[in-house]
Amino acid sequence: MTITVKLFASYRELLGEEEILLDLEEGACVGDALSLLKLRFPVLVDQGYSPLTACNLEHVSKRHALRDGDELAIFPPVSGG
Amino acid sequence: MATSDPDLIDVVAGPIDVAGLQGAVRRNSSGAVASFVGVVRDEHQGVRVHHLVYEAYPPMAQREMRRIAAEARAQWPIDAIALVHRVGRLEIGEASVAIVVAAPHRREALEACAFAIEKLKREVPIWKKEYSADGAAWVIGDPSRS
Chain A
1 MTITVKLFAS
11 YRELLGEEEI
21 LLDLEEGACV
31 GDALSLLKLR
41 FPVLVDQGYS
51 PLTACNLEHV
61 SKRHALRDGD
71 ELAIFPPVSG
81 G
Chain B
1 MATSDPDLID
11 VVAGPIDVAG
21 LQGAVRRNSS
31 GAVASFVGVV
41 RDEHQGVRVH
51 HLVYEAYPPM
61 AQREMRRIAA
71 EARAQWPIDA
81 IALVHRVGRL
91 EIGEASVAIV
101 VAAPHRREAL
111 EACAFAIEKL
121 KREVPIWKKE
131 YSADGAAWVI
141 GDPSRS
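Keeping their order, the protein sequence lines are chains A and B. Going by the numbering used here, the first residue of the first sequence is number 1, and it counts up by one from there. Going by the numbering used here, the first residue of the second sequence is number 1, and it counts up by one from there.
FYI, nobody ran anything at the bench for these hints, they're computed from the structure. You may find that some hints are simply not true.
According to the in silico footprint, chain B covers these stretches of chain A (three or more CB under 8 Å from chain B) [stated by the list, open to error]:
id, stretch
1, 5-12
2, 63-77
Label-pair distances were calculated between CB atoms; the ranges are [said to hold, decoys possible]:
id, chain 1, residue 1, chain 2, residue 2, range
3, A, Leu36, B, Ala137, 22 to 30 Å
4, A, Leu14, B, Ala13, 39 to 47 Å
5, B, Ser29, A, Val45, 49 to 57 Å
6, B, Glu71, A, Leu39, 38 to 46 Å
7, B, Pro104, A, Leu14, 22 to 30 Å
8, B, Ala133, A, Ser50, 28 to 36 Å
Pulled from the structure, derived: some chain B residues nowhere near chain A, Cβ distances all over 12 Å [stated by the list, open to error]:
id, residue
9, Gly38
10, Glu55
11, Ala56
12, Glu111
13, Lys121
14, Pro125
15, Pro143
For every residue, glycine included, the Cβ atom is placed at its ideal position computed from N, Cα and C.
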């Protein structure tokens, strides 16, 4: 399956991309997607904070099961206001 | 937005019209309009700030802001609520966020307004980058509060 990963704030700048298409095995979860991204972009490791994740605009945990066509957002702890 | 939805939820790229929001949320049943306006200040943790740049995930930010409005409505008898956040470059003194609540009485207007800004700062996917004499750095929120 293929998902779209959207990156925000520090993650967008670290990877130099706003959006990445990611191919994953059927049954993969959010944690699997993060592991694959860290392999491809080692700069993602050791940022001193963990990424927050949202799937199709809803906050999800690392165990959330992904489906083909999902939009997975990865972002740092929020700092608006 | 459904025409039956009286709440004003937006992520905007230009200046926030606070007076316009105060007029828009008021109903004839409203005896109080409470407003919170967050503005860019010139200092953060001892460092002189030159300007800020805000970034949002707009569709999710609007969804989260709409949820906060619904939660406020469920807790207080309010007439209408506006939550508007600005993105892009903001100079010192410019408004980054406005929460405006109209209600029959001041207590629920003030309480719902305080509730909404606290929730927005903890939960809505918006980030700020500080530009100072030391360079530029993303402000990382407290992950335990997200």
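Q | Indices of hints not satisfied (ascending) | A | Violated: hints 4, 7, 9, 10, 11, 13, 14, 15.
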